[in-house]
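Let's have the full structure, built from the sequences with the hints guiding it.
Residues per chain, in single letters:
4 protein chains.
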Amino acid sequence: MKRKLRMGMVGGGPGAFIGDVHRKAACLDGGVELVAGCFSRTPEKSREMADTLYLDKKRCYDSVDAMIAGELALPVGKRVDFVSIVTPNDGHFPIAKAFLEAGFHVVLDKPMTFDLKQAIALRKIVKKSGKVLALTHNYTGYPMVKLARDLVKQGKIGKVLKIIVQYPQVINPIERNGAKQAEWRTDPKRSGAAGCMGDIGTHAENLAEYITGLRMTEICADLGTMVEGRKLDDDGNCLVHFENGARGLLFASQVCVGELNALRISVHGTGGGLSWQQEEPNTLSVYGGDGTILTYRRGTDAVGAISPAAARATRLPFGHPEAFYEAFANIYKNATDAIRATIDGREPGELELDFPNVEDGIRGMQFIETVVASKGQWISFPKG
Amino acid sequence: MKRKLRMGMVGGGPGAFIGDVHRKAACLDGGVELVAGCFSRTPEKSREMADTLYLDKKRCYDSVDAMIAGELALPVGKRVDFVSIVTPNDGHFPIAKAFLEAGFHVVLDKPMTFDLKQAIALRKIVKKSGKVLALTHNYTGYPMVKLARDLVKQGKIGKVLKIIVQYPQVINPIERNGAKQAEWRTDPKRSGAAGCMGDIGTHAENLAEYITGLRMTEICADLGTMVEGRKLDDDGNCLVHFENGARGLLFASQVCVGELNALRISVHGTGGGLSWQQEEPNTLSVYGGDGTILTYRRGTDAVGAISPAAARATRLPFGHPEAFYEAFANIYKNATDAIRATIDGREPGELELDFPNVEDGIRGMQFIETVVASKGQWISFPKG
Amino acid sequence: MKRKLRMGMVGGGPGAFIGDVHRKAACLDGGVELVAGCFSRTPEKSREMADTLYLDKKRCYDSVDAMIAGELALPVGKRVDFVSIVTPNDGHFPIAKAFLEAGFHVVLDKPMTFDLKQAIALRKIVKKSGKVLALTHNYTGYPMVKLARDLVKQGKIGKVLKIIVQYPQVINPIERNGAKQAEWRTDPKRSGAAGCMGDIGTHAENLAEYITGLRMTEICADLGTMVEGRKLDDDGNCLVHFENGARGLLFASQVCVGELNALRISVHGTGGGLSWQQEEPNTLSVYGGDGTILTYRRGTDAVGAISPAAARATRLPFGHPEAFYEAFANIYKNATDAIRATIDGREPGELELDFPNVEDGIRGMQFIETVVASKGQWISFPKG
Amino acid sequence: MKRKLRMGMVGGGPGAFIGDVHRKAACLDGGVELVAGCFSRTPEKSREMADTLYLDKKRCYDSVDAMIAGELALPVGKRVDFVSIVTPNDGHFPIAKAFLEAGFHVVLDKPMTFDLKQAIALRKIVKKSGKVLALTHNYTGYPMVKLARDLVKQGKIGKVLKIIVQYPQVINPIERNGAKQAEWRTDPKRSGAAGCMGDIGTHAENLAEYITGLRMTEICADLGTMVEGRKLDDDGNCLVHFENGARGLLFASQVCVGELNALRISVHGTGGGLSWQQEEPNTLSVYGGDGTILTYRRGTDAVGAISPAAARATRLPFGHPEAFYEAFANIYKNATDAIRATIDGREPGELELDFPNVEDGIRGMQFIETVVASKGQWISFPKG
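In order, the protein sequence lines correspond to chains A, B, C and D.
Every letter in the first sequence is one number past the one before it in this note's numbering, and letter 38, counting from 1, is 38.
Every letter in the second sequence is one number past the one before it in this note's numbering, and letter 95, counting from 1, is 95.
Every letter in the third sequence is one number past the one before it in this note's numbering, and letter 296, counting from 1, is 296.
Every letter in the fourth sequence is one number past the one before it in this note's numbering, and letter 330, counting from 1, is 330.
Calculated from the structure, these hints are not laboratory results.
No residue lacks a Cβ here, since even glycine has one placed at the ideal position from N, Cα and C.
Hints may be right or wrong, so weigh each one.
Stated by the list, open to error - In silico EDC-like cross-links for lysine to aspartate or glutamate, where the CA-CA straight-line distance does not exceed 20 Å:
#	chain 1	residue 1	chain 2	residue 2
1	B	K4	D	E228
2	C	K127	C	E350
3	C	K159	D	E228
4	B	K383	B	D360
5	A	K375	B	E218
6	A	K4	C	E350
7	B	K4	D	D20
8	B	K97	B	E359
9	A	K4	C	D29
Unchecked claim - Selected chain A positions facing chain B (in silico; Cβ < 7 Å):
#	residue
10	G224
11	L239
12	R247
13	Y287
Structural data, given as structure tokens:
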């Protein structure tokens, strides 16, 4: 396929943080162009956004239905190949369903759906559609996270015994001032059953399972609402058991004043350990049984020798740091490579399929439902 | 009192790690001299140690009873002023009791006693004796920990909302090879009800309560024994509630290969946060609500302006790092200053009394009994 | 002007590192599209590149002359607005001259020209053309570098006394294997009088002068060729005097095995100091006279309050790290905003003009000629 | 020899920083006791100090002559074994000479003498005396510095190409207020020809030569006096050539506001590099040719396997940090072990002789004279 992939977007209107990230990430490598969108439920806002993006006015739509109809009306060689859905959580399922059933590939922001039931339903829809669904658990796009996964997979730290994943952050109570994102994130009707644990706790869960290849089996969760007046949890501490007998801790918090976006993970095994932190993403520390710490740095020979996935997720030479956009772009890179393969009738390769999919989305929804149901007691993850 | 304090020691024979630390810490400032001891239950080992220490042979005793009798037989101006007890945990209570009742001040290694009952009994004995009892929860001897406490006390981070204290470590399963310390630490008859949680978990508990001034009220603990064949926990994860409504996490582990002695604490309040780590003890990071991090460095004007206790705990000018021995020596410095005051008939001042005492020891034993009893359920701390 | 700016490129063929960076950086914010190019002196390579980039074949040119003629033949509303020149150094001057004189704006990779004489000639050409010339000393595009400059400008560290700028790196001697970039960089006929000092030393010089606002007045330089067989310096150490009496050190090296791209700067003044390092670009440390270190983090209120330029150079919220591409894109952002202003007949504002220009390019060439002429003796910068 | 070594001290009166460090360092391991001294040229101050130290009044002397006479009058089994000289620089030579010639071993603070002539004279005196002379270039007492030296010696970083040693510090201009130490350090009649370069520059020189085993052969130095009214340099920048062709930079400064005692060194060779910094002394970073950084941590198996000298210089288990006092104590440990050996008629072993001696002192004085004579020109080190 010798052309750019054509991307549409739902959500991501003026002032939306994550919509802009999706656009930059998708287009970074020059293989995707944004050609259509329905950026807001308010048509004027949608058009304002289209204008800002120098989009063809005819492809700025007032509704998802109009967008699907409009794109299907175009010749195959013009219509969007995939759509990125970056609306509040309650929109994810119906919009994804509509596009998948209309024959479009989908990239979806996380958490995947409003609840677990929808998530399981979405799995069937994806399967039936034969289309690609990618979920932007973007932190697994970092090359050093891929290296961590590959080190664990290759047995470099032995049998995993302990996993500690932390995600402290602060969200000021700006939802009361009507700030766009904070507003819906703290509204249970739009966000779902969890607040902080849905928004960032699922990233922590996804990261831990991605790196270790181990599933959480049961959790004892202590959720709290520390900022008065909030309707959802803004802090959650969890004891966690993993399928191989490993124990761990997971916490996510949006009341940690002074912490910015400090996702961190440590994994310890019988033969060593490793630790990574999102705010300094270009390095990965590996602890040896002899007391040394071996720091891998993105882009070096040492990384490439262990992890083809990390090497593939690297654009710049060593010492020229990459960061959040580039990691996000790696989700898009792999997802769009898989979309290209599907369009071309090829089976995507393993490296191309290295992006979060509908199964990861189900895990995330299971996590949310489990921690919300725990109420301080041990509770098992639902099957499925 | 124009003389050195005379110190005796029980325990701390050849090869014992912590006994040597006590001796160096006590003598660092030149105000204490070791003059007597019963270093081992094996008389030859005790004498070997006395020899190594250039001690007068006559004051090397074969038993605690002999030591007490021998010292009491000396004129007041010769006999030891205080005794440091550094035996395995099961010896702490009877030996401390004997010395206190014989009129000697006592410095005791932690955890204070074998169980909570003994701890409560010891409180009465101390009170009745009028003597000083100091407990070497040495990590609160670090100047930057004192600064942290004073910052919290002065309201610099607002109301405390979240406390995360971590103590990962690795103890290789060398108890099977008969290594002295590992042997008794993993033996429930000598160590007490907890392994890892007693050995290092109590340090984490003590540090959290010292810095925040808040007591833990309930805990949900998940203890595990990860190294096969151990009889006591070697890993423990706890959800914690504090008296003011703050939530937190405490974990201690001796199966984290590659972690050395990585006690770390973060405290977040409504107005900011702070974080400190034992392996880089000369700095304290304070997180501001505006996104800055202010790093205080030991020995600087900025520290002294906030914390007289930190300034007092500082020997070297800024940039000349201090570390473990010096922090340990700070416990001794304050405790021996309080002992001097008591001998001189003075009331010790507030700064002199800044060392862990019998109340801290009771907290530690309450912590141990609580986490052992929890078995994955929420459980309240015992009163008292 | 309601449209994307149209960009052309000269150089940046298959395998070229910096050409790809220019393309990604220019297009990151969605306001620029690459529409034409002459990517290599070998026409087939140029076409291969155009193909990779999904470019219109008609706008892939075989020579600079053909490109200028071809673009001028297009209607104004189609032809490129500016051209990015990313060839080896010896091409910079003639190509920039040709485009400027043909009425195009120019973005130029550094160092600006082959020698100082060309640099001074280029100044005249730029002035006469009325066009924008931007030079990609990309490290000044980092927000925290802009914050550093503004802190110094606002007197926060007092009078500058000492400046230390270091740029250790390693370039393996791959030029002997014919690697594209290494090859020309070590060839005096293509690279100019300096090797390492031209390639990365000029970045160090530019960074120091940008942050401090002080010009170097004299230098004593010790250049060396450590890897046998190289024709140009691969290591250089300089003593530096600045116009206000400040003293400093500048070193750049391409023989520091294990250092990746470790540009670092420290500035000390009578009232404090600051330090920044390229490999962890999201923070800036400011040293206070009271011994504290205040760490600013990109995207926070604290940064925006001091430096509008840093705030403007920020895309992501705090804690979501930005890095090399984004800093590079900031040079393009300001340069293309200035180009838009010029096209619209507006005078660009101060913040828009915050990118390296022909004067910075002249400083760089003066630096190169000075260090090459020094030969271990103190030597003054040329006037002009 | 089954007894503590007896130590005397000259200098180190009330308020003196380094005298107290010497006392604590010498006594840390319990093998030395301070029994005599002449702590000040003012007898009352000397007695005040003796009193503070609980010393026998009879062994507090009013002059060096009285001290030598007094100690010689004691039976051999009572008199001091060695004396530590911690006076201002101008006192070092005559006092050391007097004690050596009277048959006492000597520990001397750095720089060794007032000028090079004295240093060379001292070498003869030491040789003739058959006594030990140790010089407290204390930074080479750090275990990780010993590890660094051994890694270089074992060829782990290949042939050394580049050495960068930095020692930024700030000394506030408190000499004008009569502060004891600052006063004499800035007085050329007491301090010698150099200020900052003598005080801390010699430490930097010593550290570089110790780790690399390479001698500096020529220097181009730019010394400055940045604080008005000072009579000696308070800032110095040097280009350095080493005997094997390696190039380097050395700077020392006492005008770097916010830097505390930030001695740092990086060494790069053909096969890798290493870096260490005094303010975080428990780790050493080793850069690999494959882009990894291997961090060694004091007390671990990995360190002991490479460096017996580092293992010997370690008291505490890994993770329990050691710092300034302990490093200083390592100089004393080796020196006093050598003194014991000499007393016992044994030849000290290689590990015991691992302390700075008269040859290092001569190098330091050569360094001072070279940098002072340079005046911005390249100049060779004197022979000898």
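Here is how each hint holds up against the structure:
{"no.": "1", "hint": "K4/B x E228/D", "result": "violated (46 Å)"}
{"no.": "2", "hint": "K127/C x E350/C", "result": "holds (18 Å)"}
{"no.": "3", "hint": "K159/C x E228/D", "result": "holds (13 Å)"}
{"no.": "4", "hint": "K383/B x D360/B", "result": "holds (14 Å)"}
{"no.": "5", "hint": "K375/A x E218/B", "result": "holds (15 Å)"}
{"no.": "6", "hint": "K4/A x E350/C", "result": "violated (37 Å)"}
{"no.": "7", "hint": "K4/B x D20/D", "result": "holds (17 Å)"}
{"no.": "8", "hint": "K97/B x E359/B", "result": "holds (16 Å)"}
{"no.": "9", "hint": "K4/A x D29/C", "result": "holds (18 Å)"}
{"no.": "10", "hint": "G224", "result": "holds (5 Å)"}
{"no.": "11", "hint": "L239", "result": "holds (5 Å)"}
{"no.": "12", "hint": "R247", "result": "holds (5 Å)"}
{"no.": "13", "hint": "Y287", "result": "holds (2 Å)"}
Going down the numbered hints, you'll see the structure goes against 1, 6, while the others check out.
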